[in-house]
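*Asks:* Given chain A, work out where chain B should sit, using these hints.
For the record, the sequence lines run as chains A and B. With this note's numbering, the residue at position 31 of the first sequence is 31, and numbering never jumps. With this note's numbering, the residue at position 46 of the second sequence is 46, and numbering never jumps.
Hint data in this document are derived by calculation from the structure and do not stem from the laboratory. Note that the structure is a prediction, hence the values are computed from the model and not measured. Hints may contain errors.
[Unchecked claim] A few chain A residues that face chain B, going by a derived Cβ cut-off under 8 Å, partial list only:
1) 45
2) 47
3) 112
[Said to hold, decoys possible] Some chain A residues judged to face chain B by a derived CB distance under 10 Å, without partners named:
4) 108
5) 111
6) 127
Even glycine gets a Cβ: it sits at the ideal position worked out from N, Cα and C.
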Amino acid sequence: MTGNRAALTINAMVNNSKKITAIFAALADPTRRRILVRLSNSGDRPVTALAKPFRISLPAISRHLSVLEKARLIQRRREGRVHVIHVRAAGFKPAQDWLAQCAAAWDFSFDKLDQLLRNEQRKEDQDEVRAKHQR
Amino acid sequence: MKSELSISGNRLQITRVFEAPRRLVFRWWTQAEQLQQWSSCEAATKCEIAMDFRVGGSFTQKMHLLVNGEACEFSMTGTYDEIIEPERIVYHANFGHVVTRVIVEFYDEGKGTKVVLTHQGCPDEFFSKTVSQGSMESLDRLEALLASQAVAAPL
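Bound-form chain A, shown alone (with noise of 0.2 Å):
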């Protein structure tokens, strides 16, 4: 990785931890995931239609909205009286990618601890032979 690369991904990850932390908030609720999923599985919902199979009010449901709204994971839009849910799959990314980086920075470094590892049991097995030797 250049230089400028490694910039622009550490950029990226502290610029972003504003909205990766309200997306990880946003998810770690499961009502709020069950929304999402069936909104995925259904496609655009009024709020109306996308309330009722959860047994729980419809202020109550609005405000789970507007946490996801907030973290940029749905868009609302009016259709004259009707407000429509869609999901914002872009809106995941942030998150995507910060798991992408943990994954990618644990490869390195297994990369170094394997070759540590493989040194560490040369000289072993060399001890090893020179004791023999001297037996």
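*Replies:* Chain B only, in chain A's frame:
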């Protein structure tokens, strides 16, 4: 990428087989002097770790990075929740914006050791349902990122 990666349900799992016995592999996780030698990222010029390796003990990892010729730092902290030698280490890590629970498991695999590292930071169904609904595009992207990127290693 030599590690195996899987994202399912609420977790990110990275599996790697090392050609060394379990007690040796485990030892590299237990001391700062040893961890410092491998746990960092490509942009890191120096990695400082202070750790109290016991249940309830905490650790900090500070990385000095050289980015575009400019020095900068990246820090993270964590606390050990469970330590079973030489089988299992559980801790939670705080990245400032995200807290994840990390489970590291060590298994015998022939003469070597299989390390299974699990990050639980994202809630259930996040990736398996909502994201995968979108398309496989996100996973392709992830693979591309993995092939090309390495950044601050989350200890």
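*Asks:* Kindly indicate which numbered hints from before are broken by the structure, ordering the numbers from low to high.
*Replies:* 1, 2, 6
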